[in-house]
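Trainee: Go by the hints and put chain E onto chain R.
There are 2 protein chains.
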Amino acid sequence: MYKIAIAGAGAMGGRIGVSIKDAGYDVTLIDNWEEHVKRINTKGMEIKTENDTFFVNLPAVLTKDISTKFDLIIILTKAMASEEMLQSLHEAGCIHNDTAILSMMNGLGHEERLSQIVPLSQIYLAVTMWTAGLRGPGQLLLEGEGSIYLQRADGAMDAHTNTILQILNDSGLNAQISTNVFEAIWSKATLNSVLNPLCTILNKTIYEFGNDAYSNEIVMAIIEEIVAVAKAKGIHLDNNALLKKVELSYPKDAQGLHYPSMHQDYTNGRLTEIDYLNGQISTYGKEFDVPTPINTMLTHLIHQLESKL
Amino acid sequence: MYKIAIAGAGAMGGRIGVSIKDAGYDVTLIDNWEEHVKRINTKGMEIKTENDTFFVNLPAVLTKDISTKFDLIIILTKAMASEEMLQSLHEAGCIHNDTAILSMMNGLGHEERLSQIVPLSQIYLAVTMWTAGLRGPGQLLLEGEGSIYLQRADGAMDAHTNTILQILNDSGLNAQISTNVFEAIWSKATLNSVLNPLCTILNKTIYEFGNDAYSNEIVMAIIEEIVAVAKAKGIHLDNNALLKKVELSYPKDAQGLHYPSMHQDYTNGRLTEIDYLNGQISTYGKEFDVPTPINTMLTHLIHQLESKL
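Just so you know, the protein sequences line up as chains R and E, in that order. Under the UniProt record's numbering, the residue at position 258 of the first sequence is numbered 258, and the numbers go up by one with no gaps. Under the UniProt record's numbering, the residue at position 44 of the second sequence is numbered 44, and the numbers go up by one with no gaps.
No lab work stands behind these hints: they were computed from the structure. Among the hints, erroneous ones may be present.
In the DSS-like style, the derived pairs of lysine-lysine whose C-alpha atoms are separated by at most 30 Å in a straight line are [unchecked claim]:
(1) R:Lys308 <-> E:Lys286
(2) E:Lys308 <-> R:Lys244
(3) E:Lys308 <-> R:Lys245
(4) E:Lys308 <-> R:Lys252
(5) E:Lys286 <-> R:Lys244
(6) R:Lys286 <-> E:Lys286
(7) E:Lys308 <-> R:Lys188
For each label pair, taking beta carbons as the anchor points, the in silico distance ranges come out as [as the list claims (entries may be wrong)]:
(8) R:Leu248 <-> E:Glu112: 53 to 61 Å
(9) R:Lys245 <-> E:Leu271: 26 to 34 Å
(10) E:Glu217 <-> R:Lys38: 26 to 34 Å
(11) R:Asn203 <-> E:Gly133: 26 to 34 Å
(12) E:Glu247 <-> R:Phe55: 56 to 64 Å
(13) R:Phe55 <-> E:Glu217: 46 to 54 Å
(14) R:Thr179 <-> E:Asp289: 36 to 44 Å
(15) E:Glu83 <-> R:Glu84: 55 to 63 Å
(16) E:Ala92 <-> R:Asn211: 55 to 63 Å
(17) R:Gln264 <-> E:Glu83: 40 to 48 Å
(18) R:Glu84 <-> E:Asp289: 34 to 42 Å
None of the values given here were measured: they were computed from a predicted structure. Built from N, CA and C at the ideal position, the CB exists for glycine as well.
If we strip away everything but chain R, and leave its shape as in the complex, we get (with noise of 0.2 Å):
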């Protein structure tokens, strides 16, 4: 039987699992949180939709105790967390030569640090545009509809992408095989490189940030020199296409109302995400002799909010 890993079963791994669970695939959630684990093997997973409320009984286990080797594994931890996920589940033989891992991570440059420990053939990228809420140990917030674009992160096509295809449109999780991932990886790392920072540091939502006289000028900035660094990297964005992005997210009706979860980090004392946003941009930019002034300042300014923390 293909066996299935979640790794990182937070809000987001949670969906995806049971999702994967409900198609009848054999499916383990691997996390970190004791709480969330006994609570999901006791009681089971508990589902609030915007009409029911259910359970759904799948595995959950430690990190720290998991030992069956998996053909799939979806990382989904905080991404910096990842590494140290995927190095405990090398160093505990879950790994094969075969095993698929799929980064459905937000943020950039997983690719480059997990293949550090697995070869890049074995890693497999995707972006979602699903979302989900953790309501507490146990208990997911599922709302909305969302899709999923994914790529062998070398850009190779075989048996395995299809498979995974396969698994998750069995899944209901609409599914589609992308010719450039990165592109996507890369518009939605945009999105969040514009809000995830100012929201926060302005503490504002998304809806007060967009209705604001300024907001257009400082999005433009950010997102020129994003542009100018995925060139450096061989990946085309186009700078209105971005913009239009970022402005089709502050209606009300939209995403407008919410704050970006790098605000919920913050505000919940959680170390933010920024290093693999606005971070990863300047990073770049220093590789490859790129200036990213205004990424750089916003990742600076967030790791000063943190060490108020």
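Mentor: Below, chain E without anything else, positioned relative to chain R:
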């Protein structure tokens, strides 16, 4: 009798006015704050120092009621109120062909704005290291020592400069004529352009900001842009000297325990002077084709914060 006005009689205007009055000169305070003006006229200005409290009697007049002709008008309004103040005094006939207009305000570009109303040859610039606090209407808090550098805005030497020097030194204000007042003004404005927006955005004291792993990279990025803009305007500043000046403000026994004035303005619901600091750098940068992405971004961020007020 040589007639002197202090236009804008807040903390610093009050301190300068009281000092000049104490030296026996004819000095009038001009301000828009009715309660402040009324209390000064009925009780005198109440002065609290490190070890004493006393009153100084001097006249205060509301801007709308002033009509006296003055020989020297020292401008110490908030930066954004200075043009309206000078225009009012001009229309009220307070300025004759030989009236000296001495700007002692923080920030950049005052000579350019004020010379739209009064000829540049009548405008003098000063930078002061005195500080002062306002405890309430008609109540000053005076601590510490300071100094003043001054020069005619067009660089010419004249008799009036010496008269002003004499008045300030008779008043114990420790003044000197400068041969390059712009260097002193830009140097002080650099310190303010670093600490004011950053401590406001980050909600940190000067010590908290300085005592962070990411402070110097941020500071240097701001300084480099200011030095490049200054150079385009023919003003020589030194990166490392400016960094040192900023660093000297960090310790708790220097200014470290304080929030800069912009933080105080913002938290008290007042508009800030950002347009006369980083915003003016940004404006000059556009004018001289010198890139100033960081100063422009900081200006926008502060305006975004102000729009929450």
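Trainee: Any hints from earlier that this structure breaks? Give me their numbers in increasing order, please.
Mentor: 1, 8, 10, 16 and 18
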